[in-house]
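Visitor: Residue-level listing of the chains:
2 protein chains.
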Amino acid sequence: MEFELVLKKRRMVRSFKDRQVGDAQIVRILKNAHRAPSAGFLQQQELVVIKNKETKAKLAEAAVGQDFIAQAPVVIVVCSNTDRVVKRYGDRGVNFYSIIDGAFASMLILLTVVNEGLAACFVGAFNDNEVSKILKLPKHVKPIGIIPVGYSNEAPEKFERMSLEEIVHYERYAQKKS
Amino acid sequence: MEFELVLKKRRMVRSFKDRQVGDAQIVRILKNAHRAPSAGFLQQQELVVIKNKETKAKLAEAAVGQDFIAQAPVVIVVCSNTDRVVKRYGDRGVNFYSIIDGAFASMLILLTVVNEGLAACFVGAFNDNEVSKILKLPKHVKPIGIIPVGYSNEAPEKFERMSLEEIVHYERYAQKKS
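Residue numbers (my numbering), protein chains in the order written: chain F, 210 to 387; chain X, 210 to 387.
Isolated chain F, as found in the complex:
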């Protein structure tokens, strides 16, 4: 699909059809996530792919009961393995770069999903400790986002965005009307 079209079509979907996602599609999604940039090219992003019903239900619960997570045929949890970044960058590595890098990989997943004719949602609202326990993440591996993936069961809806003028500043920040 054309790049611009992928961006235009991308939206958060919170309802999925009862239809499986092909393994080849999942691999293409994972491969693209793996193309994400990372601080110091340390490649800290790791991906946990979940199809197990019970695990998905537990993740939904850990994500303040967002049940559509359990509904999706496959869930990808994007994590950052902070082991190497903490050694090189200290606190900024753990509290900033690890989140940035996880979000980079997540954004590539959200876009690739559209290119595959699929839909997804980025979920950032979850209990970190619960997710870590469910997925048996070591202490240095931080969950950054839970991304349920499947076929959309929602009618496309258009949300009004702020105008470009409201969010763009030239040369320095200028207070806009809020």
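Think of the hints as simulated: they come from the structure by calculation, not from any bench.
Since the structure is predicted, the reported quantities are computational estimates derived from the model, not experimental observations.
None of the hints are false.
Here are the simulated EDC-like pairs of lysine to aspartate or glutamate, each with C-alpha atoms no more than 20 Å apart in a straight line:
1) X/Lys260 x F/Glu374
2) X/Lys240 x F/Glu369
3) X/Lys240 x F/Glu380
4) F/Lys345 x X/Glu375
5) X/Lys240 x F/Glu211
6) X/Lys348 x F/Glu380
7) X/Lys345 x X/Glu270
8) X/Lys345 x F/Glu375
With the hints as your guide, set chain X onto chain F.
Guide: For chain X alone, coordinates are given in the frame of chain F:
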């Protein structure tokens, strides 16, 4: 350009030609950044576009002397306006969602740049206070990334990535050889 090709071609570029970037190109880049998702659709991402030589030099200095920032014809600083997220989400809004959302917009900039035949680099290593001072950011507006944009002056180079097997886990995290 095809979506997959954009992803394949994307890389961090740290040397730019002495050639201007068209205003229409910049607007297309900003528009795509503005398509980024955001926590609670609060659209906290704001963009500061800098062409002024002195400002670019100051930003390069604030970014531990990464001089290629000053070399680029245009620099986009992605910020998160945490005003609304802190009200709705508290600490998680400021320390997590604001970074995620800024990285989402940054990733879309990095990709759109490729689609425009341009090149860019994401710089996360900078002194936050210095950048805020230079751009006159209010306290609730956090700089997330400095992105110099221009025509590449580098030969494409291929970096070896870890294998997909090393970063993907199924159903739960499994310790890999490091």
